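Undergrad: So the chains spell out like this:
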Amino acid sequence: MRESVSPYLRVLHQQMLNSLAKLMSFRLNFVLSMLFDLAAFVTFYYTTDLLFLHISHIGTWSRENFLFYIFWIQSVSCIHAAVIAPNFWNFAAEIRDGNLDFRLLRPLGSLFDVFTAMTRPVTLLTFPFIFGFVVYYGILLKVSITGWLMMPLLWVLSLVCVVLLEVMISMGLLWTKGGDGINFVRIHCQQFQRWPDFVYPSPMRWICTRIIPFLAATTFPVRAVLGQGEWWEIPLLCGLLIVVWFVTRSLWVLGLRRYESASS
Amino acid sequence: MSRREIGKWRKTISVSLSRYMAFKADFFLMLVAPSFVFIAINYNIWRTIFESRGGGSISGFTMEQMLHYQCWSFVVALLVRSHRTWNLSEHIRLGRLTAFLLYPFDAWKFYASEFIAFQLLQLTTVVLVLGSLRYFDFLPPLNSDAVLVGLAFSLLVSVLWFVIDFTFGLAAFWLEEVWIFRVIFSFFAVLFSGAFIPIELFPPALQQFLAYTPFPFITSVPAHIFMGTSGVSLWSATVTLLGWIGGLGVCASILWRRGLRLYSAAGI
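Quick mapping for you: the protein sequence lines, in order, are chains E and V. Counting in the working numbering, the first sequence runs from 399 upward without gaps. Counting in the working numbering, the second sequence runs from 6 upward without gaps.
A hint or two may mislead.
As the list claims (entries may be wrong) - In the SDA-like style, the derived pairs of lysine to any residue whose C-alpha atoms are separated by at most 20 Å in a straight line are:
| no. | chain 1 | residue 1 | chain 2 | residue 2 |
| --- | --- | --- | --- | --- |
| 1 | V | K29 | E | R494 |
| 2 | E | K575 | V | M26 |
| 3 | E | K575 | V | W179 |
| 4 | E | K420 | V | W179 |
To be verified - Not the full set, but computed from the structure, chain V residues with beta-carbon under 7 Å of chain E:
| no. | residue |
| --- | --- |
| 5 | A30 |
| 6 | L34 |
| 7 | A38 |
| 8 | I63 |
| 9 | T67 |
| 10 | M68 |
| 11 | T130 |
| 12 | V132 |
| 13 | E182 |
What the hints assert, rightly or not - To be clear about the criterion: a stretch of chain E counts as covered by chain V if any three or more of its residues have a C-beta under 8 Å from a C-beta of chain V, and this derived list gives those stretches:
| no. | stretch |
| --- | --- |
| 14 | 444-454 |
| 15 | 538-552 |
| 16 | 593-604 |
Just so you know, the hints here were simulated from the structure itself, not pulled from any lab data. The model shown is predicted, which means the values in this text are computed figures rather than measured ones. Just so it is clear, CB atoms sit at the ideal spot from N, CA and C, and this is done for glycine as well.
Next up, chain E with everything else stripped away, as it sits in the complex (with noise of 0.2 Å):
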């Protein structure tokens, strides 16, 4: 197990080093990123304290409870945004042009290649500081001893089921020619997941999370620490996940065959 993870943690870790050495060559660009991330902070935050200048709960939850969701899913957003998310319009480029060829030949798996080829490791800076956030508001409402226990494997949860549920959206791409439609789509469903499952009518709110885990991928493991959730949320969670990777390894094999790779 450890001598066939330890190639692609090394392939990582070359990649993030590649990346801080050219945003290191662009300063201004450093800046930017940086400013990036703080501005999405500062509007993410603004937005719920407008809110609750005006309410004091939302469903049954208060300020902080938001609060605490809200930095789960910006520490979250912080590692896919570092690791991932600049991956997705490379992906598209790639398959345009016919460049996933090069991929396809690489001796690493195709999929972590096609996506982690590009990195933005400024985004890392800003984990520390919106992780404290997650800790304070953590405090503020009081989480159990085993609510602390559990947060990091499932955080962990929640970032891999959000990365894998984008993965298997942007699996369409293989489809569609131009392949905006289908990160559009894709960015439309990360704002569907700021906000917890209880502001969606039934319906919706039980298709995604039973079904397709969009929002079981935030809430589930935000309400499991808060010691809100029921027994069967964590296992559900656990279940869909192993069901999305064998669709995402299904349409990414299905998905090869339809590729015409455009440059050969």
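Once you have looked at the hints, place chain V on chain E.
TA: Structure of chain V alone, referenced to chain E:
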């Protein structure tokens, strides 16, 4: 404008239209995704918020008014915040701008034609969306005067958005990546234009400050025009908007001239 010049505009718009429509699945998804997200997020969140409070009003908005405001905000977003001059920065960075500099049709006119073509498609989309919102009772019976004035005003605001986006695109003469400017601006535009939370719910000091910026024009003012509840005179709003468009247009023109001096036509 000579007949020959009009012909060039018409042809460029027509080519842009064909290009947008070439990838039909993409085009369809780009229309459907925002509509679905609007219904799923904005509409449901505000409904949940009002239901959690047991009704009443927030800063003068009843639940019904807030849901109508969100519908109009969505229509305005389709018309105003839809077009992106993504390719301008790419053309500058990869040296493709050279071709546009050699054409007998100014580069900015090419991008403006693309914008006009996209707006023509968006107008069709908006008509379909308005029909659907009315059919499913998301909106009350439409006031044709308010709708026509709102559409005209929103199209004028879309020119402001185009000029802002074009100006950000010109930063590619100096910078490697300019998408960050656009996305940061979009974050603040969504928040401060009242796209999700109406400006009336902001603290008074912030409301006063925003009145001196173009943000309210991006959603709040046109949405209130559509609703027939605008507190500002249409003429003064139009004059101020034209002032912003003119001012930013001058900035874009200066940046364009200075940027061209730096342009190295990479790849040639």
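Undergrad: If you take the shortest Cβ to Cβ gap from E182 of chain V to chain E, is it below 7 Å?
TA: Holds. Min distance 5 Å.
Undergrad: Per the CB criterion, is T67 of chain V less than 7 Å away from chain E?
TA: Because about 13 Å separates T67 of chain V from the closest Cβ in chain E, which is outside the 7 Å limit, the hint is violated.
Undergrad: Count the residues of the stretch 538-552 of chain E whose CB lies closer than 8 Å to any CB of chain V, then report whether that count reaches three.
TA: violated (count 0)
Undergrad: Checking one constraint from the list: CA of K575 of chain E to CA of M26 of chain V, max 20 Å. Satisfied?
TA: Judged against 20 Å, a Cα distance of about 12 Å means the pair holds.
Undergrad: Let's test the interface hint: is any C-beta of chain E closer than 7 Å to that of A30 of chain V?
TA: Hint on A30 of chain V: holds, closest Cβ of chain E at ~5 Å, below 7 Å.
Undergrad: For the pair we were handed, K420 of chain E and W179 of chain V, check the Cα-Cα distance against 20 Å.
TA: holds (17 Å)
Undergrad: Between the alpha carbons of K575 of chain E and W179 of chain V, is the straight-line distance 20 Å or under?
TA: violated (32 Å)
Undergrad: Within a Cα-Cα threshold of 20 Å, do K29 of chain V and R494 of chain E meet the stated pairing?
TA: Given that 20 Å is the threshold and the Cα spacing comes to 16 Å, the pair holds.
Undergrad: Please verify that hint: M68 of chain V, Cβ, nearest Cβ of chain E, below 7 Å or not.
TA: For M68 of chain V, the interface hint is violated, since the closest Cβ of chain E sits about 12 Å away, which is over 7 Å.
Undergrad: Can I63 of chain V be said to touch chain E, with a Cβ gap under 7 Å?
TA: holds (5 Å)
Undergrad: Can you verify the interface hint for T130 of chain V: is its Cβ closer than 7 Å to any Cβ in chain E?
TA: Cβ of T130 of chain V sits 14 Å from chain E, so the hint is violated.
Undergrad: Mind checking the CB of L34 of chain V against every CB in chain E and telling me if the closest is under 7 Å?
TA: holds (3 Å)
Checked against the numbered hints listed earlier, the structure breaks hints 3, 9, 10, 11, 12, 15; every other hint is satisfied.
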